[in-house]
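Single-letter residue listing:
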Amino acid sequence: MAFSLVVKLLPMAALLAFPFLTTSYSAYQLGLYLLYGIVGQGIALCWGNGGFLPLGQALFFGIGAYISGKILQGNIGWGVVILALILSVIIPALIAGFIGALVFDRQIGSGPYFSLITLALSLLGYQLANSQVLLTGGFNGLTGINGLPGIDSYGNLYFFIVGALAVSTLFLSHLVSTPFGQLLAAVRENEERLQFLGVKTSRVKAAAFAMSGALAGMAGAFFAPHQGIVTPQVVGFILSAELVIWTAVGGRFGPVGPVVGAVIIGFLASGLRDSFAYWEVVVALVFIIVVLRLPGGVGGLGISIAKRFGINVWSQKKFSRTETVPGADQKESPTLEFDNVSVQIGPVAILSGLSFSIKQTGIHCLIGPNGAGKTSALNALTGKLPYSSGKISWRGNTLKGIRPFRTSGLGIGRKLQVPSIFPGLTIRQNIDIAIWVNRLKFTHLFSLKPYQWNISLLDELQDSFPFLKDNEELAGTLSVGQRQMLDFTMAVLAEPNLILLDEPCAGLSKSETENMISVISNLARSSKATFIIVEHDMQVVELLSDHVFVMHQGKLLAEGSLNQIRDNKEVQRIYAGGSK
Amino acid sequence: MTSSLLAIKNLSGGYGDLLVIRSVSLSVLSGRAISITGRNGVGKTTLMRLISGSLPCSSGELKFLGSNIVRSGAHKRFSTGMSYAPQENIVFDDLTVEENLTIHYRDSSLDRYNALFEKFPRLNERLAQRAGTLSGGEKKLLSFSRVIAEPTQLVLLDEPTEGVQSENMYLMGQVINEEKSKGRGFLIVDQNLTFLEAFTDTIHLIDHGEQIFQTEGNKFRTEIESLIAI
Amino acid sequence: MEVLATFTLNFVYSSATLALIVLGLALVFGLLGVMNMAHGEFVMLGAYSAYVVQSFSANFLWAVPISIIVCALVGWLMEWAIIRHLYRRPFDTLLATWGVAILIRKGIEAIFTRDYKSINQIMPETVEILGITYPSYRLLLIAIIISLFVVLFTWYQKSKTGLRIRAMVRNPELASAIGIDTARLSSATFIIGVSSAGLAGVLLSPLVRVEPYIGLDYLLSSFFILIVGGLGSLEGLLIGSAVIGGSDALISTIFDKTAGYMSVLLISILFLWLRPDGIFSRR
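Protein chains in written order, with my numbering: chain S, 1 to 580; chain C, 1 to 230; chain R, 1 to 283.
What the hints contain is simulated information worked out from the structure, not anything from laboratory work.
Do not take every clue at face value.
DSBU-like mimics (lysine-lysine), calculated; alpha carbons at most 35 Å apart, straight line [to be verified]:
(1) R/Lys257 to C/Lys63
(2) C/Lys119 to C/Lys63
(3) C/Lys119 to R/Lys160
(4) S/Lys359 to S/Lys510
(5) C/Lys76 to R/Lys158
(6) S/Lys510 to C/Lys63
(7) C/Lys76 to C/Lys9
(8) S/Lys318 to S/Lys70
(9) C/Lys76 to C/Lys182
(10) S/Lys510 to C/Lys9
(11) C/Lys119 to R/Lys257
(12) R/Lys257 to S/Lys70
(13) S/Lys307 to S/Lys449
(14) R/Lys160 to C/Lys182
(15) C/Lys76 to R/Lys160
(16) S/Lys441 to S/Lys384
Short derived list, chain C residues pointing at chain S, Cβ under 8 Å [said to hold, decoys possible]:
(17) Gly41
(18) Thr133
(19) Val147
Every residue gets a Cβ at the ideal spot worked out from N, C-alpha and C, and that includes glycine.
Work the whole structure out from these sequences, hints included.
Take a look at the structure:
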């Protein structure tokens with residue numbers, strides 16, 4: 001334990017001692033690379049944690065540099081310097097947040113749109129920096145930038161930079177351990193699932209992007225006095241591309257990697273660039289290899305080596321669930337109504353005039369042949385499938401085209417057909433996120449309290465599914481059946497009023513199926529929730545259902561108890577055993 | 001002289017690590033039609049996908065004309081003599097009927113379809129129409145005609161009668177009998193027991209990804225009905 | 001009248017050249033779903049092929065087949081080593097192709113330095129048309145590009161291979177079932193895509209400055225055109241090129257180049273926001 005603390009403090013001590021151990025010019029160089037490293041830390045936050053890649057990060061770095069440079073051109077005092085620093089941090093952050101909110105709202109997942117738009121913005125920034133001569137000094141840039149008052153740019157400024165690095169590293173280390181950090185990781189793992197757990201993921205990503213902008217701006221603010229000159233190169237895409245390379249090679253999964261990458265490549269480049277014409281080609285090759293084979297970069301290698309020696313670099317604080325939060329307020333009156341709902345995709349009618357209503361709690365099973373539209377009906381309900389005519393209403397409110405992240409707020413919980421969890425997070429973390437649904441307020445995002453939350457339902461579920469107690473196990477290592485159970489657990493932990501389960505027993509062995517059946521029926525009895533279960537397995541339907549709906553070709557064919565359904569001639573006809 | 005076209009032993013597979021087919025064994029000889037039936041969701045289409053090569057197998061033996069084909073891709077299986085008519089996305093919607101019928105041949109001749117056009121004149125009438133605008137039953141007829149005309153020894157049909165009118169169903173059965181007499185083998189998944197009873201020789205019943213029942217002869221309908229009723 | 005003629009010709013020229021540049025990415029991203037971040041670099045390689053041919057004092061016409069061969073080879077290598085393994089992982093494809101883009105850029109820079117090269121004009125400077133004088137090479141380009149698209153469109157609609165590509169894109173499972181080797185066809189489509197980018201580079205080389213970093217502009221323009229026009233259709237490509245080319249030309253003339261660039265960016269973000277599938281989407 002003490003040893004691992006020493007390992008963590010060693011790099012900081014080394015950085016502080018560096019100027020005394022080498023020449024002051026080397027320390028000056030190192031200062032620049034540390035600044036680049038800070039920008040890289042922001043990129044790593046977005047990329048490694050959030051799963052989206054900004055390709056134009058130099059834009060924010062450059063904006064910070066231009067702001068600070070402009071202000072420092074005059075002879076000023078510390079008050080103005082502080083102002084410069086604040087502006088250099090806030091303005092890029094606001095721009096980044098705005099762009100992020102704009103793009104992420106429309107695009108789920110890690111498509112190319114975000115990356116290419118950030119790249120385009122960086123190019124635009126470069127053009128503006130060149131053309132707006134009055135503001136930026138144009139092609140020649142801002143010159144005659146003074147250092148910080150009383151601080152020698154070639155000497156003591158270095159320690160300010162190390163201080164900034166310490167601040168950013170501590171900030172990021174704390175951030176990833178907060179609920180916000182965990183939600184960001186969950187976005188990377190399975191954005192769609194997170195939305196069904198009530199999280200407006202576009203906001204999470206935009207906030208992370210804004211933070212990265214702030215870090216880049218801060219680094220830029222120090223760049224201006226450090227270099228004494230700010231040219232359009234600082235906003236351009238070449239620097240943006242290099243920042244991504246340094247982050248990748250150094251390691252994108254933590255705050256230390258990018259700094260390591262920037263420093264190592266920085267020093268190697270300054271040494272080799274002039275003597276070896278193909279140096280940059282080598283770096284590009286290393287980048288490709290890292291991307292294809294070694295996603296954790298040098299930092300990742302370092303961590304796995306440290307693990308061999310028993311040094312755990314990431315020691316996450318462990319919390320026990322000590323605070324029981326009140327259960328959700330479950331109301332009666334579960335009125336769900338489908339009124340003549342139709343959906344057409346091309347020439348195919350997915351739903352055609354689907355009408356049914358549910359007025360009682362309990363378990364309702366939705367059955368029907370393949371292609372009958374069962375999952376589509378659920379998709380229309382939760383906003384995943386837009387419908388053109390008819391009306392769906394839940395508790396008197398019309399549901400039309402609701403965004404997925406709103407469903408939990410409406411008291412609807414959903415388990416999708418294919419078990420959907422967060423594979424790169426531990427079981428504990430998966431469950432945390434489910435507990436936070438409808439309970440996590442903005443003030444909780446950055447505190448560590450929510451990790452102590454517990455609800456009584458969780459205890460019951462952990463008794464039924466004992467593997468859920470393996471807190472540190474990665475969810476990705478679970479078997480298909482266990483994933484199904486975890487997915488189910490997450491859907492019900494929010495204590496929704498309407499629980500939509502799409503094939504909850506698929507992939508389960510016989511004993512697991514029996515277990516799941518008893519869990520569902522216990523839950524149906526003890527809570528006041530309404531269940532809609534899509535199932536093919538008639539055994540399950542027989543044991544669980546209070547009421548059965550049969551769908552065929554996009555509409556309701558029959559409803560009633562299972563026995564009534566069995567006697568129904570039309571139902572017999574559409575199922576195996578009839579001639580058509 | 002019958003030869004083994006398809007021999008499957010303890011085949012299993014599914015989607016990712018979700019195992020749908022647990023262990024199925026069956027064989028198809030030339031000149032015979034074997035059918036597979038069962039309730040919805042038991043894995044019939046998955047089984048067809050494993051055999052045709054659309055899905056990779058997890059384990060088990062899959063032999064076609066005596067050679068192991070577990071590693072060959074779907075297009076390779078076609079060129080060695082296996083036709084496949086899938087259950088969904090059964091035609092190329094954006095292409096015309098004629099293009100659907102000639103796309104995989106060097107020539108664009110429709111001569112090979114003359115006999116089939118006599119049985120299903122509708123197809124001949126709709127040659128220039130986009131296949132996506134056909135009705136479900138017509139698409140099935142198009143898909144059926146395509147595989148029959150292919151120069152293959154084994155034909156895999158997944159739900160060939162879905163949406164097809166009874167007269168056409170009867171004609172399809174006739175075609176299958178004619179092809180059987182020429183030595184071709186058929187593996188058919190369907191839920192219409194009357195059809196299967198009339199035109200296939202052996203029926204396998206699948207449930208929960210495994211085969212639970214098998215019978216020969218053609219009076220199996222009453223035996224099976226109770227087993228697969230809901 | 002003269003202003004109108006100039007503007008019209010500029011508009012046609014701008015749209016045509018953009019369409020040629022996008023074509024490769026439309027094939028690769030629109031049909032195969034591969035976001036090739038190195039798309040612009042293939043255009044750049046085409047331009048440098050022209051420079052190499054010129055430095056050997058050979059006829060400019062040799063540059064056309066040479067650029068296609070160079071790009072086809074690089075494309076083949078790229079597909080074999082990288083793209084093929086990442087078809088179902090779009091984010092990793094973006095990353096890996098970005099890496100290849102950097103590699104190609106740095107490689108060219110190491111060989112040729114960052115100096116701007118220029119390719120000599122092969123035609124008499126200007127010609128009289130519609131009452132104005134207009135650069136003749138531009139007119140030639142317009143003619144070549146229009147013919148190329150007509151041929152390409154006809155081929156895609158009528159030929160067996162074009163048919164099979166269309167089939168494969170919409171229904172890969174069925175395509176395999178009827179014996180189409182989808183892996184080989186995808187590879188061929190990718191190689192054709194990057195080769196057409198190289199062709200664009202060669203044809204444009206006498207008119208643009210040739211330096212290692214020109215690729216990015218082409219990548220971004222292509223991407224924006226696909227956002228606006230929609231993926232998977234020729235009409236989309238042409239309409240997108242017209243919209244982007246037209247607005248850039250218009251705004252640049254009224255204000256300046258930077259404003260033109262900004263307007264293109266704004267239009268694309270607007271489309272992303274309001275009509276994410278573009279004007280003509282087939283996917």
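A quick look at each hint next to the structure:
1. R/Lys257 to C/Lys63: 65 Å, violated
2. C/Lys119 to C/Lys63: Holds, because 34 Å separates the two Cα atoms, which is no more than 35 Å.
3. C/Lys119 to R/Lys160: 28 Å, holds
4. S/Lys359 to S/Lys510: Holds - the C-alpha atoms of S/Lys510 and S/Lys359 are around 32 Å apart, at most 35 Å.
5. C/Lys76 to R/Lys158: Holds, because 26 Å separates the two Cα atoms, which is no more than 35 Å.
6. S/Lys510 to C/Lys63: 31 Å, holds
7. C/Lys76 to C/Lys9: It holds: about 21 Å lies between the C-alpha atoms, which stays within 35 Å.
8. S/Lys318 to S/Lys70: Given pair S/Lys318, S/Lys70 is violated - Cα atoms ~47 Å apart, limit 35 Å.
9. C/Lys76 to C/Lys182: Roughly 23 Å between the alpha carbons, so the hint for C/Lys76 and C/Lys182 holds.
10. S/Lys510 to C/Lys9: 24 Å, holds
11. C/Lys119 to R/Lys257: 66 Å, violated
12. R/Lys257 to S/Lys70: 25 Å, holds
13. S/Lys307 to S/Lys449: Holds: S/Lys307 and S/Lys449 sit about 29 Å apart, inside 35 Å.
14. R/Lys160 to C/Lys182: Since the Cα atoms of R/Lys160 and C/Lys182 sit roughly 31 Å apart, the hinted pair holds (cutoff 35 Å).
15. C/Lys76 to R/Lys160: 19 Å, holds
16. S/Lys441 to S/Lys384: 26 Å, holds
17. Gly41: Constraint on C/Gly41 satisfied, holds at 3 Å.
18. Thr133: Hint on C/Thr133: holds, closest Cβ of chain S at ~6 Å, below 8 Å.
19. Val147: 21 Å, violated
Hint check: violations occur at hints 1, 8, 11 and 19; the rest are consistent with the structure.
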